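Construct all of the structure, not just a fragment, from the sequences and the given hints.
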Amino acid sequence: MSSLSTPAPSRSGTTSASAIPSASLGISFDGVEKRFGSLLALRGVSLEILPGEFVALLGPNGAGKTTLLRIAALLVTPTKGSIAFRGLSRVLDGPTRRQTEIVYGDPKPSIGMVAHNTLLYDELTAAENLWFFAQLYDLDDISRRVARALESCGLASRAGSIVRTFSRGMRQRLAIARALLHDPRLLLLDEPAAGLDRQGLAWLGETLARLRDSGTTVVMSTHARNESLDLATRAVSLAGGRIESDSGSGGDPRPLLAALRSEA
Amino acid sequence: MTTARAAAIVLTKELRMEFRARELLSTTVVFALVIVVLFSFAFDPTAGESRRYGPGLLWIAFLFAGSLMLNPSFAREQANQTLDALRMAPVSPFAILLGKMLANFIFMAVSEAILVPVFAVLYNISIGGIVGRLALVLALGTVGLVVAGTVFSAIAAHARMRELLLPLLLLPILAPLLIAAVEATASLFAEQPALDRAWLAFLAGFDIVFLTASWLLCDFLLEE
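Chains as they are written, first to last, in our numbering: chain D, 1093 to 1356; chain P, 8 to 231.
Bear in mind the hints are in silico, worked out from the structure with no lab data behind them. Note that the coordinates shown come from a computational prediction; the quantities given were computed from them, not determined experimentally. Just so it is clear, CB atoms sit at the ideal spot from N, CA and C, and this is done for glycine as well.
Label pairs and their computed distance ranges (CB to CB):
| no. | chain 1 | residue 1 | chain 2 | residue 2 | range |
| --- | --- | --- | --- | --- | --- |
| 1 | D | ARG1302 | P | PHE26 | 36 to 46 angstroms |
| 2 | D | ASN1209 | P | LEU178 | 25 to 35 angstroms |
| 3 | P | PHE38 | D | ASP1322 | 50 to 60 angstroms |
| 4 | P | GLU230 | D | SER1337 | 30 to 40 angstroms |
| 5 | P | GLU230 | D | GLY1246 | 32 to 42 angstroms |
| 6 | D | SER1337 | P | PHE71 | 52 to 62 angstroms |
| 7 | P | ILE180 | D | GLY1343 | 53 to 63 angstroms |
| 8 | D | ARG1346 | P | GLN85 | 32 to 42 angstroms |
In structure tokens:
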């Protein structure tokens, strides 16, 4: 059985209408299996990613990294198993225990993703793309957000340019800015360094460092070594749709990252 | 966010992209005009013949134009996987469908507004006294065409041979709609024009059924 669930929160707080805040979002995969026709892309993956972790998802091409990220982004439904988000629910305490209410949130506004493709419209300008997605996410003060996003990715001077005229690196920077526009609590990155030049890689590293320090949960897949991997607090290696090794929460990811470095 | 607001955001994006690229409208209008003009030269119809064959011809032109226009509706979301970005946004999948349906309806309505006067001139049909009633029939027929077409465009978007698949899926489904639209149009093109309410009700029913079905099935329609 495949399912999406939001686990029951712990009940706490005694003041009226108190909420349990959670800055970041965790995700757990329980026996997740994904089949595409005769191809079994994921074979019973069980993994718990805690809120605030920076996970480097390692593995060769075809290991199942993208499929796992797409399942986490709710774009693909697992054939078997389930996923659950942690940090979505809030407990609103009423005057009596009977009036206590548990509110489960929609995970979508809290998830950001940078995929293989840019997820941008080539016919729209950089600003129009960001404006469109800001509207869809019902964000406030859109002008300021869009200007800030363009400024941060170094494309403010090209705000009015059609995306089709951008280089691969510029598109990738805009794609990352788009994914961050709504301040996601869970950021999924599928080979985010692809197409970035040295300057772009430095910007990506700075951006991810800031996100890690702010407590955003980051899951970043890569099959090649890049500087951003040094930010990882945990490394998980996939091979043939299975978890091959996991440094664990609070463990040392460096041996796994070093193995990737030696492979590269 | 309400479904109407999200649909309006998607609609605005669709209109902006189309008026910048001018891909769909120009090709569709030219294609439909070519059909109507070619048939008028091929048959050189009298007014009586036009009343008999005109409605069918007009709706065939709309159908071909529609299938040409509706295919890219979701297919162009595949280019950079922007459909994934839409699906990840916290809006109802029906809002995405509805925004695209509204955009397609506007494109079709513009095409029809250009095509119908040309058709009237070439086929010697006076539409002066029936403009309002003809607009009602065209609107109801176009809603059905656009709703079913957008739904099947979403279904075909993931297929490899989507250009071939969409007409194959769409034409049998649209057969009842086309029959009703042709009959309702024929009653207006008659020497004594009259609005056939039975066919009009059928068109409205078709629209409601397909719109309801797309609302109920929208979660599955946009899935990979």
